[in-house]
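*Asks:* Chain residues, written in single-letter form:
Protein chains: 4
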Amino acid sequence: MIRNISVQTVDVRTPGHLIDGTQAEYVRVPFAETSVYLLPAGVSPQQGTLLSDILPTGHEIGVRYGQVKAGDVVAVIGAGPVGLSVIATAGLYGPSKIIAVDLDANRMDKAKTLGATDAVISSDDDWKEQVMAMTDGRGVDVAIEAVGIPQTFAMCLDIVRPGGHVANVGVHGKPVELPLQDLWISNINISMGLVSTNTLDTLLKMVAQDKIVTDEFVSHTFKLEEIVEAYDVFSRAAETKAIKVMINAQA
Amino acid sequence: MIRNISVQTVDVRTPGHLIDGTQAEYVRVPFAETSVYLLPAGVSPQQGTLLSDILPTGHEIGVRYGQVKAGDVVAVIGAGPVGLSVIATAGLYGPSKIIAVDLDANRMDKAKTLGATDAVISSDDDWKEQVMAMTDGRGVDVAIEAVGIPQTFAMCLDIVRPGGHVANVGVHGKPVELPLQDLWISNINISMGLVSTNTLDTLLKMVAQDKIVTDEFVSHTFKLEEIVEAYDVFSRAAETKAIKVMINAQA
Amino acid sequence: MIRNISVQTVDVRTPGHLIDGTQAEYVRVPFAETSVYLLPAGVSPQQGTLLSDILPTGHEIGVRYGQVKAGDVVAVIGAGPVGLSVIATAGLYGPSKIIAVDLDANRMDKAKTLGATDAVISSDDDWKEQVMAMTDGRGVDVAIEAVGIPQTFAMCLDIVRPGGHVANVGVHGKPVELPLQDLWISNINISMGLVSTNTLDTLLKMVAQDKIVTDEFVSHTFKLEEIVEAYDVFSRAAETKAIKVMINAQA
Amino acid sequence: MIRNISVQTVDVRTPGHLIDGTQAEYVRVPFAETSVYLLPAGVSPQQGTLLSDILPTGHEIGVRYGQVKAGDVVAVIGAGPVGLSVIATAGLYGPSKIIAVDLDANRMDKAKTLGATDAVISSDDDWKEQVMAMTDGRGVDVAIEAVGIPQTFAMCLDIVRPGGHVANVGVHGKPVELPLQDLWISNINISMGLVSTNTLDTLLKMVAQDKIVTDEFVSHTFKLEEIVEAYDVFSRAAETKAIKVMINAQA
Chain W
15 MIRNISVQTV DVRTPGHLID GTQAEYVRVP FAETSVYLLP AGVSPQQGTL
65 LSDILPTGHE IGVRYGQVKA GDVVAVIGAG PVGLSVIATA GLYGPSKIIA
115 VDLDANRMDK AKTLGATDAV ISSDDDWKEQ VMAMTDGRGV DVAIEAVGIP
165 QTFAMCLDIV RPGGHVANVG VHGKPVELPL QDLWISNINI SMGLVSTNTL
215 DTLLKMVAQD KIVTDEFVSH TFKLEEIVEA YDVFSRAAET KAIKVMINAQ
265 A
Chain S
15 MIRNISVQTV DVRTPGHLID GTQAEYVRVP FAETSVYLLP AGVSPQQGTL
65 LSDILPTGHE IGVRYGQVKA GDVVAVIGAG PVGLSVIATA GLYGPSKIIA
115 VDLDANRMDK AKTLGATDAV ISSDDDWKEQ VMAMTDGRGV DVAIEAVGIP
165 QTFAMCLDIV RPGGHVANVG VHGKPVELPL QDLWISNINI SMGLVSTNTL
215 DTLLKMVAQD KIVTDEFVSH TFKLEEIVEA YDVFSRAAET KAIKVMINAQ
265 A
Chain U
15 MIRNISVQTV DVRTPGHLID GTQAEYVRVP FAETSVYLLP AGVSPQQGTL
65 LSDILPTGHE IGVRYGQVKA GDVVAVIGAG PVGLSVIATA GLYGPSKIIA
115 VDLDANRMDK AKTLGATDAV ISSDDDWKEQ VMAMTDGRGV DVAIEAVGIP
165 QTFAMCLDIV RPGGHVANVG VHGKPVELPL QDLWISNINI SMGLVSTNTL
215 DTLLKMVAQD KIVTDEFVSH TFKLEEIVEA YDVFSRAAET KAIKVMINAQ
265 A
Chain G
15 MIRNISVQTV DVRTPGHLID GTQAEYVRVP FAETSVYLLP AGVSPQQGTL
65 LSDILPTGHE IGVRYGQVKA GDVVAVIGAG PVGLSVIATA GLYGPSKIIA
115 VDLDANRMDK AKTLGATDAV ISSDDDWKEQ VMAMTDGRGV DVAIEAVGIP
165 QTFAMCLDIV RPGGHVANVG VHGKPVELPL QDLWISNINI SMGLVSTNTL
215 DTLLKMVAQD KIVTDEFVSH TFKLEEIVEA YDVFSRAAET KAIKVMINAQ
265 A
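For the protein sequence lines, the chains are W, S, U and G, in the order given. Be aware that the first sequence starts at 15, since it is given in the working numbering, and climbs by one per residue. Be aware that the second sequence starts at 15, since it is given in the working numbering, and climbs by one per residue. Be aware that the third sequence starts at 15, since it is given in the working numbering, and climbs by one per residue. Be aware that the fourth sequence starts at 15, since it is given in the working numbering, and climbs by one per residue.
Do not take every clue at face value.
[What the hints assert, rightly or not] With a straight-line Cα cutoff of 27 Å, these simulated BS3-like cross-link-like pairs (lysine-lysine) come out:
hint	chain 1	residue 1	chain 2	residue 2
1	W	225	G	83
2	G	126	G	111
3	G	83	W	111
[Stated by the list, open to error] Cβ pair distances, simulated, as ranges:
hint	chain 1	residue 1	chain 2	residue 2	range
4	W	58	U	40	43 to 49 Å
5	U	254	G	44	57 to 63 Å
6	U	123	S	52	34 to 40 Å
7	S	229	G	187	52 to 58 Å
[Unchecked claim] Derived contacts from chain G toward chain W, CB cut-off under 7 Å, selection only:
hint	residue
8	59
9	62
10	85
11	106
12	110
13	216
14	219
15	223
No lab work stands behind these hints, which were simulated from the structure alone. Every residue, glycine too, gets a C-beta built ideally from N, C-alpha and C.
Next comes chain W alone, as it looks inside the complex (with noise of 0.2 Å):
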């Protein structure tokens, strides 16, 4: 079973977005040879795995996109896997504080494994002035939509400071408002978009060197066989506490 995937910004007809996946015995995979990297010694095939899409993901359009620099304050609206990967990857470039905001408390802990700073629980009622006594007020320099719906979105535009970045790595599914007659004045940049992998080489040397720690993002691993299994624990994520599901083919 072939596994890895090339992913190109300039073609949305990328396999398992518009056309079909790549759950087969075998897939073509036009142009592959310029997407294709060596696992370097000290990274594991399950490693390889999250560094084909989730872990570049977070770090291209969360981290890089949000131009995270040293002694940023980042905040990540939301713990999932890719929300995860942005925190697992922002450590590279020096931020002073990493703040998870999710509704899920055992979300949290794996954030802070991951290298979370900090943790706001988001249906606190002042979610909002825990963060914002983060910043001294100020509000956050990065703020980063990884959930993909138009509320969370809005927080993010609710805690960036003048000046500050949204990034918005999130798949959505309607629009949102902007609410410009307040933001034209405040200087933010607003980012979105699809991983392009560019990164992947740094990635694979960081990950080699255990500088971005990778064990919290694969919850549960099936065998090719216990595939339908797989789906129904990560269809149910909020009861299984899946992050990631691994199928090893080898197994």
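Got chain W; can you put chains S, U and G on it based on the hints?
*Replies:* Relative to chain W, chains S, U and G alone:
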């Protein structure tokens, strides 16, 4: 009469915005010594006035936030004073095309004098097709909003290419809709903001050398005692074809 | 016969440098499909030939490595083919002055046709004072070396302002001296390199629109059977006033 | 007595360089109000003293001018106070390796406490081979000179990869040789300069959070009346193992 205004991004209580403006015989400008420039030879007081606000706004919030670079196709939605400022300063960055989009054919002529290479009348049914044809169907690299209403912001989103920039310069009074269900995958970047005039030094040099054309900005000049008439002319801009109205206390 | 050559920074065995060149009926270019461009309408084969090496060299190693930006004063030491390429492409970045410095008054005229705003004869005793006077005594923002000998490199260090850039484009045969005892405190930046042609897409667009002037580069054109004469003319450039010599196999 | 010194790049007559320094009861610092910072909670006066000069020098002239980025291999030639400052601040940018190179094994231990991942003794015959082996033979991405003599500058040129950066932090007394006959093709970038402390705000935050280790910098502390002894200890650093010597007027 003192005219040079210190505008600071960090302080929204700038004169003329949330506190009273500067139409007075004397004005106290806090920290004014940090933003006073000597007019070099070759820059007239009238040009200096344009450099205190409108030209840096177009340059900083439109051209630089929009990251215009060599070879880019740039569309400017709105050819009023601010849009014309964008057009007049974009040429410093080597774009291959500067497309002015406006309802008013009269303003198009001014736009072309100032550096626009192409013009599209936005009331044409096929205005979008006209713009897209100028980019071989790809969309523009940078779309700059210089009006301040939801429709013109939406026009920018309609014509920007994947990976491109939307720079909002307009002052808005209402929220706009951001169709994130379509845009999340498009790797576009949206910016907005209030001018800080931190590029004034560069602009002074370029105006002194006639590399920025400023002739078209001041459509009417009045003496101080004609100020009421000046406001009247400016308030009926569509009819009077006013762009910027200058009060010259020395005249 | 006109041939497009793939030049790759990562492989110093580029044709014509450490291995044989491409004066043959057929050439095998490894990975050529990664660097072939369609000539757009408005770009002649002759212009295409200039775009395969000389114009991107001036643009990438001179202008971009030198970080020319709006308002800068740029000095180009040497107005041979590569120096002229720097001058022809620097205008895309909005410099306030482009000063050509050369021994040869003939080349100065060409430099001015291509975009130089000022010219200084380097055999003048006061050449340095002339350059400094054009910068109000501060020194140039960017000094670009386009000859390849120690004297011209030293000239760049002599005229660059604190905080400025020295971009070496010349191919050198000997070491140069770097007076670090004076320079360590001056915050200058020194770059050098071989072209990668990764800006060819931009340059093609600008040539197609006549925003880069290319008329002056080809001083002589020969048929394929006159190639020996062509080399002779090129080898006596001072006498023949040769800039670039073109072989046109179709002629 | 601890004094905050305003150092300005634009004025080489900075106290302690070309005019007398500040060992006096009172000091007049022109424009001092532009560079005074409040020490935040968690930063001691001793740490504040390190932040007035040495830490920003390593950070600005070494790490930032050297453009250290995520995944880079960085070599620091010289593990004296300034080299240690480079090492202590480079980690903010996510390098994969920080290699300390020095003659003195004692300093290597300090380097590792501050963040160096590897150490090479520069008197080893095969020091270069040791460094190259740590980069799979490619050369380091960034080589930082923190001594100030021709040999150590040459060492940087010897180990930097094509396309890499050499950042000079050392104060030199003699010219160095630049072998441009070899380097012109290598696309390396060379920087140098005097600190401006424009990153002090970021460094204060990072020290306040213990993300920059500062313990190792002050090897000796003296009272004001012991200042003569303090100078003596500092002048015999090899013997006394002095790194930085602190005078504490409050002790």
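*Asks:* For every hint, state whether the structure bears it out.
*Replies:* Going down the list of hints, with the structure as the test:
1. 225/W with 83/G: holds (14 Å)
2. 126/G with 111/G: This hinted pair holds, its Cα atoms lying about 11 Å apart.
3. 83/G with 111/W: Answer holds: residue 83/G to residue 111/W is near 19 Å, not above 27 Å.
4. 58/W with 40/U: 43 to 49 Å: holds (47 Å)
5. 254/U with 44/G: 57 to 63 Å: holds (59 Å)
6. 123/U with 52/S: 34 to 40 Å: Given a distance of about 36 Å, which is inside 34 to 40 Å, the answer is holds.
7. 229/S with 187/G: 52 to 58 Å: holds (55 Å)
8. 59: violated (21 Å)
9. 62: With Cβ-Cβ at 17 Å, over 7 Å, it is violated.
10. 85: At 4 Å from the nearest chain W Cβ, residue 85/G passes the 7 Å test, so the hint holds.
11. 106: holds (3 Å)
12. 110: holds (5 Å)
13. 216: holds (4 Å)
14. 219: It holds, given that the least Cβ distance between residue 219/G and chain W is near 5 Å, below 7 Å.
15. 223: holds (6 Å)
Violated hints for the displayed structure, listed by number in ascending order: 8, 9.
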